[in-house]
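Spelled out from the first residue to the last, the chains are:
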Amino acid sequence: MRASLFITCYNDTLFPETGRAVVKLLERLGIELDFRTEQTCCGQMHANTGFRGEAFSLAKRFIQLYGQTELVVIPSSSCVAMIRDQYPGLIEELGSDSLRREFAALLPRIYELSEFLIDQLNLEDVNAYFPHRVTYHASCHGVRSLHLGDRPYRLLSRVRGLTLLTLPNVDRCCGFGGTFSVKNADVSSAMLAAKLQDVVSTDAEYCTALDNSCLMHLGGAMHRQYQGMKVIHLAEILASTDSSLKGGRG
Amino acid sequence: MSESVTERLSPKRSRLDPEFAPPFPEAALPILRDPQVRKNVAHATDVIQAKRGKLVIEKTDWRQLREAASAIRSHALENLGAYLEEFELRCTAAGGIVHWASDAGEARQIILELLRQENASSVIKIKTMTSAEIQLNSHLQAAGVEVFETDLAEIILQLGDEEPSHIVVPALHMNRSQVREIFSRRMGLEGLSDDPEALTAAARNYLRDKFLKIPTAIGGANFLIAESGSVVVVESEGNGRMCLTVPRTLITLAGIEKVLPRFRDLEVMLQVLARSATGERMNPYTSMWTGIKPDDGPQHFHVVLLDNGRSSILARKTERQTLKCIRCAACMNTCPVYRQTGGHAYGSVYPGPIGAILTPQLERMKHAQSLPFASSLCGACYEVCPVKINIPEVLIELRAQVVDGERHNLKRLLDPIYLGMKVASFVFQKAWRFRMAQLLGRKALRFFTRRDGWIHSLPSLGAKWTQTRDLRGFPDQTFRGWWAAERGSRNGRV
Numbered sequence: 001m002r003a004s005l006f007i008t009c010y011n012d013t014l015f016p017e018t019g020r021a022v023v024k025l026l027e028r029l030g031i032e033l034d035f036r037t038e039q040t041c042c043g044q045m046h047a048n049t050g051f052r053g054e055a056f057s058l059a060k061r062f063i064q065l066y067g068q069t070e071l072v073v074i075p076s077s078s079c080v081a082m083i084r085d086q087y088p089g090l091i092e093e094l095g096s097d098s099l100r101r102e103f104a105a106l107l108p109r110i111y112e113l114s115e116f117l118i119d120q121l122n123l124e125d126v127n128a129y130f131p132h133r134v135t136y137h138a139s140c141h142g143v144r145s146l147h148l149g150d151r152p153y154r155l156l157s158r159v160r161g162l163t164l165l166t167l168p169n170v171d172r173c174c175g176f177g178g179t180f181s182v183k184n185a186d187v188s189s190a191m192l193a194a195k196l197q198d199v200v201s202t203d204a205e206y207c208t209a210l211d212n213s214c215l216m217h218l219g220g221a222m223h224r225q226y227q228g229m230k231v232i233h234l235a236e237i238l239a240s241t242d243s244s245l246k247g248g249r250g
Numbered sequence: 001m002s003e004s005v006t007e008r009l010s011p012k013r014s015r016l017d018p019e020f021a022p023p024f025p026e027a028a029l030p031i032l033r034d035p036q037v038r039k040n041v042a043h044a045t046d047v048i049q050a051k052r053g054k055l056v057i058e059k060t061d062w063r064q065l066r067e068a069a070s071a072i073r074s075h076a077l078e079n080l081g082a083y084l085e086e087f088e089l090r091c092t093a094a095g096g097i098v099h100w101a102s103d104a105g106e107a108r109q110i111i112l113e114l115l116r117q118e119n120a121s122s123v124i125k126i127k128t129m130t131s132a133e134i135q136l137n138s139h140l141q142a143a144g145v146e147v148f149e150t151d152l153a154e155i156i157l158q159l160g161d162e163e164p165s166h167i168v169v170p171a172l173h174m175n176r177s178q179v180r181e182i183f184s185r186r187m188g189l190e191g192l193s194d195d196p197e198a199l200t201a202a203a204r205n206y207l208r209d210k211f212l213k214i215p216t217a218i219g220g221a222n223f224l225i226a227e228s229g230s231v232v233v234v235e236s237e238g239n240g241r242m243c244l245t246v247p248r249t250l251i252t253l254a255g256i257e258k259v260l261p262r263f264r265d266l267e268v269m270l271q272v273l274a275r276s277a278t279g280e281r282m283n284p285y286t287s288m289w290t291g292i293k294p295d296d297g298p299q300h301f302h303v304v305l306l307d308n309g310r311s312s313i314l315a316r317k318t319e320r321q322t323l324k325c326i327r328c329a330a331c332m333n334t335c336p337v338y339r340q341t342g343g344h345a346y347g348s349v350y351p352g353p354i355g356a357i358l359t360p361q362l363e364r365m366k367h368a369q370s371l372p373f374a375s376s377l378c379g380a381c382y383e384v385c386p387v388k389i390n391i392p393e394v395l396i397e398l399r400a401q402v403v404d405g406e407r408h409n410l411k412r413l414l415d416p417i418y419l420g421m422k423v424a425s426f427v428f429q430k431a432w433r434f435r436m437a438q439l440l441g442r443k444a445l446r447f448f449t450r451r452d453g454w455i456h457s458l459p460s461l462g463a464k465w466t467q468t469r470d471l472r473g474f475p476d477q478t479f480r481g482w483w484a485a486e487r488g489s490r491n492g493r494v
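If you read the sequences in order, they're chains A and B.
Each residue of the first sequence is one higher than the one before, counting from 1 in the working numbering.
Each residue of the second sequence is one higher than the one before, counting from 1 in the working numbering.
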């Protein structure tokens with residue numbers, strides 16, 4: 001099977017280890033991966049901040065770049081949500097009929113990583129080994145937009161050596177929200193403090209998620225506060241196969 | 001009451017007047033530093049949310065109920081003009097008098113005029129957020145009319161000179177020891193305990209006299225029924241029922257969006273409202289009446305239908321859904337932002353997610369422009385909304401309007417977010433520009449990166465991030481750099 005990787009702008013720049021883990025994992029599962037070097041950003045940040053015209057040109061760019069691919073895998077739930085929830089409205093308002101058709105054809109071929117593993121590959125056990133205590137943060141877009149449901153838990157429960165710990169208030173927002181975190185920095189910080197309290201209460205070694213933006217937020221606070229805990233993208237857990245692999249940030 | 005009285009006193013300005021309220025981030029600050037308010041808000045919303053959660057799960061047809069509620073409200077709004085006229089016709093035929101107010105000032109004028117006709121020097125009131133929207137109390141008082149709230153929470157706020165922070169539980173930011181202090185001070189009750197029963201008894205004593213002596217009441221409406229001309233008020237305490245039955249004259253103030261086509265629509269609406277609002281299967285008091293009935297209940301009945309910006313919301317495709325709201329407040333009870341800030345930070349009588357979209361629109365996007373940004377877009381509000389208002393979608397639409405409105409404002413050139421967005425948009429158009437920006441960004445941030453590889457402090461907008469979080473420094477190699485080095489020659493580009 002062939003799949004094209006949309007790594008997303010911030011993973012590319014700030015969290016390349018997540019991208020490397022996705023490559024390692026999917027190639028281990030026999031997927032032939034392609035990386036289009038023309039890719040940049042899906043436009044989520046612009047759309048959510050009110051820059052609709054700019055978001056539209058990035059949406060158009062994305063659709064044209066991936067129009068000819070078989071499948072697109074994206075290791076970021078909020079970017080997938082942007083494409084599914086906001087592209088239709090942007091195209092409706094600013095786009096052409098041909099773009100609408102192109103998008104309609106592309107949309108069913110777009111997968112968030114855990115959707116790709118479970119829905120497309122029918123896999124729960126990816127032969128991963130990660131001997132640590134882990135808690136899972138269900139990012140807002142993963143829960144309420146993509147409806148990932150128990151997919152991440154099914155994947156995590158099959159990782160050898162891993163102890164999965166329940167996160168209280170699992171679907172409550174960490175307070176990141178893109179530009180919200182700087183436009184409303186104080187409120188965002190208060191939300192983060194509440195979230196971190198829940199995360200720390202699990203006594204996990206790692207907090208994982210399917211979206212590095214939440215993890216950047218949580219990990220940034222963990223590092224600031226000298227919490228004995230790290231954040232790690234789920235892809236990195238699934239990619240690790242032996243105890244020598246050390247992941248995580250913070 | 002005379003004209004000179006009206007002229008002499010000017011109404012007290014509310015902290016919740018969107019025209020004068022500080023922007024959300026600024027208004028939130030003192031609350032974030034108030035552990036008592038935050039504790040009260042978190043506790044109260046947790047309790048209501050947990051109750052709601054249980055009652056939604058037990059309802060096996062909740063999804064269908066929600067679909068039906070949404071469809072009923074959408075249909076009513078799409079045919080609003082016709083249903084309002086039908087309501088007016090039926091209500092008038094039953095002895096009510098319907099007045100139309102295009103804005104807050106007109107509504108206040110109509111109500112004042114009605115009170116003058118009644119020679120009313122005082123009124124009792126049922127809890128109504130619409131009257132708070134038009135700042136009715138302060139204007140009535142400035143015109144020499146004494147106003148007595150009868151809803152327990154509203155009494156607390158009125159006697160404590162406080163503002164509502166929630167649309168269903170307006171005194172949610174206060175706890176019972178604060179209530180005890182206010183009652184004890186304002187009712188002259190030394191030694192009053194903070195036992196809920198004692199507090200309720202004190203309020204009951206205070207109220208009984210008002211109910212018996214004041215013959216004029218002002219209330220709101222949860223629903224207006226077009227086919228019968230009926231008005232529906234749901235409440236928990238029974239004080240509303242007293243106001244609706246004991247006085248001689250009743251004035252109902254209602255937003256034009258409150259109309260439902262048929263009586264039987266209540267079957268759906270009352271089920272979703274009680275479960276969503278207070279986590280009850282049914283609210284304790286549901287009052288419905290149609291016009292007047294000789295020798296039973298109020299003999300003069302007026303309905304003031306308020307537009308105040310609503311018809312302009314109705315005209316807009318994405319935003320129209322805002323008017324489906326039935327004011328259950330489930331969105332604020334679940335909102336992680338509201339949980340931290342409570343209601344006052346929103347600078348409006350309508351706080352929380354629904355307030356963040358409703359207030360700026362009622363203000364015709366002239367004020368409250370920080371509110372559409374007062375959300376992390378987590379979507380919890382949409383998930384619980386019993387009439388399926390896609391609040392995040394409307395928030396994003398309003399954000400775009402705010403940004404579009406500033407396109408010709410030169411001050412935006414000093415706004416780091418505006419500049420950042422423009423630069424990012426230029427950069428993301430071409431992959432080579434993006435690669436260049438990654439390179440430059442890494443070089444620039446190296447200056448701020450400590451030996452441990454983390455950034456602890458940034459200037460300008462970055463300082464907003466580093467005030468509470470560190471940021472890991474840029475890695476030496478981007479993903480695309482790694483890919484090019486590893487596979488570029490083999491299968492890089494298709």
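No lab work stands behind these hints: they were computed from the structure.
It cannot be assumed that every hint is accurate.
[As the list claims (entries may be wrong)] Facing chain A, a subset of chain B residues (Cβ under 10 Å, in silico):
id, residue
1, Arg-248
2, Thr-249
3, Asp-307
4, Ser-311
5, Ala-315
6, Thr-318
7, Pro-336
8, Ala-345
9, Val-403
10, Leu-414
11, Ala-444
12, Phe-448
13, Leu-471
14, Thr-478
Glycine is no exception: its CB is placed at the ideal position from the N, C-alpha and C atoms.
Here is how each hint holds up against the structure:
Hint status for Arg-248/B relative to chain A: violated, with the closest Cβ pair at about 48 Å, above 10 Å. Among the interface hints, the one on Thr-249/B is violated; its C-beta lies about 45 Å from the nearest C-beta in chain A, farther than the 10 Å criterion. For Asp-307/B, the interface hint is violated, the least distance from its beta-carbon to any beta-carbon of chain A being 27 Å, above 10 Å. At about 23 Å, the closest approach between the beta carbon of Ser-311/B and any beta carbon in chain A exceeds 10 Å, and the interface hint on this residue is violated.
A cut of 10 Å between beta carbons decides the hint on Ala-315/B: the least distance to chain A is about 17 Å, and the hint is violated. With its C-beta approaching chain A no nearer than about 8 Å, Thr-318/B sits inside the 10 Å limit, and its interface hint holds. Hint status for Pro-336/B relative to chain A: holds, with the closest Cβ pair at about 4 Å, below 10 Å. Satisfaction of the interface hint for Ala-345/B is found here, the shortest Cβ-Cβ separation to chain A being roughly 8 Å, below the 10 Å cut-off.
At a threshold of 10 Å, the smallest CB-CB gap from Val-403/B to chain A is about 4 Å, leaving the interface hint in force. Hint on Leu-414/B is violated. Least Cβ distance to chain A is approximately 15 Å, over the 10 Å limit. Taking 10 Å as the C-beta cut-off, the interface hint given for Ala-444/B is violated, the closest approach to chain A being about 13 Å. A distance limit of 10 Å between C-beta atoms decides the matter here; for Phe-448/B the minimum to chain A is near 14 Å, and the interface restraint is violated.
At its closest, the beta carbon of Leu-471/B sits 6 Å from a beta carbon of chain A; the interface hint therefore holds under the 10 Å criterion. The restraint placing Thr-478/B at the interface with chain A holds, with a minimum CB-CB distance near 5 Å, inside the 10 Å limit.
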